[in-house]
Amino acid sequence: MEISFDKYSLIIDGKRVFIKSGAFHYFRTPGYEMALDRFMKMKAGGYNTVDIYFNWNYHSQKQGEYDFTGVKDVRKVLQAAKETGLFIIARPGPFINGEVNAGGLPFWLLKMEDVIPRNRIGTEYRYSEKYMRYIEEWYDNIIPIIRDFDNVILFQIENEYATDTMEEDYMRTLYKMARDKGITCPIFHNDAYFAGLWADVVDIYALDLYPYINPNQNWKQDNFCFDTLDNVEDIFRNAKENSPPFIAEMQSGWFDKWDGSGYKHIRDALGDEHINIMTKTALSQGVTLFNHYMVAGGTSWDDLACDEVYTSYEFTAPIDEFGIPQSNFFKAKEINYFLDSFDFTSTDPVPFEFSQENIYTKLRHDNINNCDWLFVRNMNKNTADLEFEFGNVYLKPYDMKICPVNLKLKGCEIEFSDVEIFARLFDEDEEVLFMIADKNAQIRLKQHGIISGDRKDFDNLTFENQGKRTQFVFLTKHLADKSWMLKDKLIFNADYVLPNGAAALERNGDVAYYDLKHKFAKKYCVVNEFKDYHKPEIIENFDIDFCAPEIDLHYDYSNWRKIGSETDSLSCGLYDEFVWYKGQIPDNLEEITLSARHLFAVYINGKEVLNRNSYKIEKLQEVPETISIPLDKHILSEDINELTILVQNLGFDKGFSGDTNSPRGLVTFETRPQVPVEFYVCEKLSIERGDLRESDNPYLTKITVNFDIDFKNDVFFAKYLSLENFWYRRATIFLNGVKIGRYIKRTRVQDKFYLINEFLKPHNTLEIVIWEKDRNIKSPWGFKSDMKNVIIQIGTQKMYQLFK
Amino acid sequence: MVVVPEFLIRRVYKKGSLKKLENGASLELKNVLGPGFISGFNFVKINDVVFEPKDVKFITGGKELAGDCVSEAEPVAFRLGQEGLLIMSGKDCVVQGTNKIVIEVMNPEAGKVQLTVDDTV
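Chains R and G, in that order, are what the protein sequence lines are. Under this note's numbering, think of the first position of the first sequence as 276, with each following residue one higher. Under this note's numbering, think of the first position of the second sequence as -10, with each following residue one higher.
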């Protein structure tokens, strides 16, 4: 594939192509089948490209070792994209951010001598030869895989990178490395500061844009958040004259944090207006490459998440974490289909003046369709009926439209329309324009006058001119959401479709088809497999076991590793979420003082003396916490006392505004009077290490649930575990031995966990390890007895039957 | 600390805008970075003289705001391209020649943002 570009667009094999991309995290949506599912939905929704971060850390858990097998087989992911007919934007970092642990840098690299992650400390540039050698190792592993796929059209180096002095040697070396290793497509970087950074180093200048990053902000009220987007064409032109405007990350959702407000709040706040405004405003600024970040939400299973985010990385993406298309997907689909209907790859701004409060306008000349397009946005809380020289535009609050001006069609000419075009099917002599009915809007046709947009589904009008025909078919918004364009046909009344033409339905219904040759056809589809699946099932039979033998007095830890005075997890080379520390302390201690990240508990002689959540962020900064525990003879009951500390690390910093190598685990430990304590360490929970001995203590308790899944051909389903009525403080969830979730009651941000399809089997085991505080445990027996009443639910988020 | 390179933050300061006032100083800012909010003025320091938020006045968008009235609960919008005048009062601070200016503000998304520039009077 030959890829070039000019100031308008990317040119693939000599043809201009509008890049409609969506970001997808294969590591958060693991496995070929799940990737294929999301890619097919993307393709059916009109995307032609998938943007893929390659997560170095995910593939390299140990120095010198790279794993591209099983769910980590990234070749299969790229193969799925190729099979679906999607181009690929490859972003292998080395740093990726993406709210992944350590921003995607391998843990083993973070505290290595002479390695300075990203060649910077804060914003100060510090070049590290050794760091560069490890990047070369990563590139040597990942680039040959990327290179094998000829549908890779763009390659990114680094991500959101800047330093105070902007020395170029790091970025230039990355560029050269990529070229030397066989990358032939254009190379870009993603500038988070939209300041033209690295424009001279790369082939195409690109930036990211997130006008809404504070869920407490009301973007509708503070609508100036689009200021940068409204002027982005100037930024592109000033940065690099001859490269096409490329928004490498264009907001289509936002991530939530441990101390956040929950994804429902963000989804409600953004609605489908936000993606509409973002995308159409970008088009109004001449953007011909965009990447919706994210197109599909995912799950930060295992230890994928950075400390900031919880398990769900739903991101309020057009396709949610469960793989279900949402209302912003339908809005994106509308725009994607419009872009498939009229080639937008070469447009120029036309001087145009219009001034009214909270109204944004832009006029562009279309060099390919030889017409103009008027872009109008209403940021008022009331509807707007705006009068332009071309005609009136009716807009709902926070709506934006693209209105054709003097658009010549086969059988007629649109002088002006504020009825929006949904999709177009055409051949040499005939075309059908599917329009979104709008009772307050109209189409003005040359010689034919005005057509009202007040229409019902499938109302249609035909115009002919010199043997050629244009038909307008109207669809209500509701039907448009359920209408799908696949190459040369439209499919109506499907919840979603797949590129092979299969229609997915949740309920019985008439699916209609239209193509130019056969016109309309209809098929009644009976969904008879599903019962009342919306009601989650309360699990009544489960086993309860105490599962932390490490805490028990006289636990044999002789095979654990002895560490020195530096106890933090990076210094110990322990990167797992859970790290155990064991040692002995004499009976004359008055106090121990410690600091640990993030959640931890201290046990002496098998009894808890402290259990603490030390995770605190204020003004975007970690708040360090040091705690002293007074000791007495009741606690130190033996001559030599056994000390156990369990620390849960919620992840390393993602590295955007903090340091990826901030300490985790047991950060500091002191005693009064000061005595040396020899610590022995081990990582992971006992069930992960295969140590299945039942313990005497109740602090960590495992609930084991078995359930079956009835897999059926041609049925898509997404299942979840609900801890909505769970009364315990913390839990870690394992599905068939794979860690799939972290639950912390205090934050209340997530109590529903996706049972990731990739890890489901016909017979499943779900293990929920509860880490409870001593004060909530009256006695081991009583605690076990109470646990029998715990409410755990397994439910089905959605189910669709596929009809071919 | 937010990782916005200093050279970008410095662009917000309008070079040559520092003026000596009777018992104070004034300077001008222009937001060339991107739309956002200021959720607090931590301090302004000119040479060795530190001005607390209560001694700082920010005039922008037709409004005059006392520095200590700007907070996370009452942030002030600072649009792309918007200009603002900072007036510091209560102490003499500007000297003939080169003056070192440090302005530290809070942003809800970026946290602490510090601007350090030299300006000549």
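Bear in mind the hints are in silico, worked out from the structure with no lab data behind them. As the structure is a computational prediction, the values presented were derived from the model and not from experiment. Hints may be right or wrong, so weigh each one.
As the list claims (entries may be wrong) - To give an idea of the chain R side of the interface with chain G (calculated C-beta under 7 Å), a few residues:
1. T398
2. A437
3. Y468
4. A470
5. N498
6. D502
7. T503
8. K894
The beta carbon of each residue, even a glycine, is placed where N, CA and C say it ideally should be.
**Request:** Have a go at the R:T503 hint: is there a Cβ in chain G nearer than 7 Å to its own Cβ?
**Result:** Holds. Min distance 5 Å.
**Prompt:** Does R:Y468 meet its interface restraint, that is, does its C-beta lie within less than 7 Å of any C-beta in chain G?
**Reply:** 6 Å, holds
**Restraint outcome when R:D502 is required to lie within 7 Å of chain G by C-beta distance** = Hint holds; R:D502 Cβ to chain G Cβ min 4 Å, cut 7 Å.
**Message:** Take the shortest C-beta to C-beta distance between R:K894 and chain G; is it under 7 Å?
**Reply:** This interface hint holds because 5 Å falls under the 7 Å limit.
**Asked** When the nearest CB of chain G is found for R:T398, is that gap smaller than 7 Å?
**Response** This hint holds: R:T398 lies near chain G, its Cβ roughly 5 Å from the closest one there, short of 7 Å.
**chain G contact restraint on R:N498 - CB to CB distance below 7 Å** = 10 Å, violated
**Item:** chain G contact restraint on R:A470 - CB to CB distance below 7 Å
**Value:** Holds - the Cβ of R:A470 comes within 7 Å of chain G, reaching about 6 Å at its closest.
**Request:** Could you check if R:A437 really has its C-beta closer than 7 Å to a C-beta on chain G?
**Result:** Check passed: Cβ of R:A437 comes within 4 Å of chain G, closer than 7 Å.
This entry does not satisfy hint 5, going by the numbered hints stated previously; all others are met.
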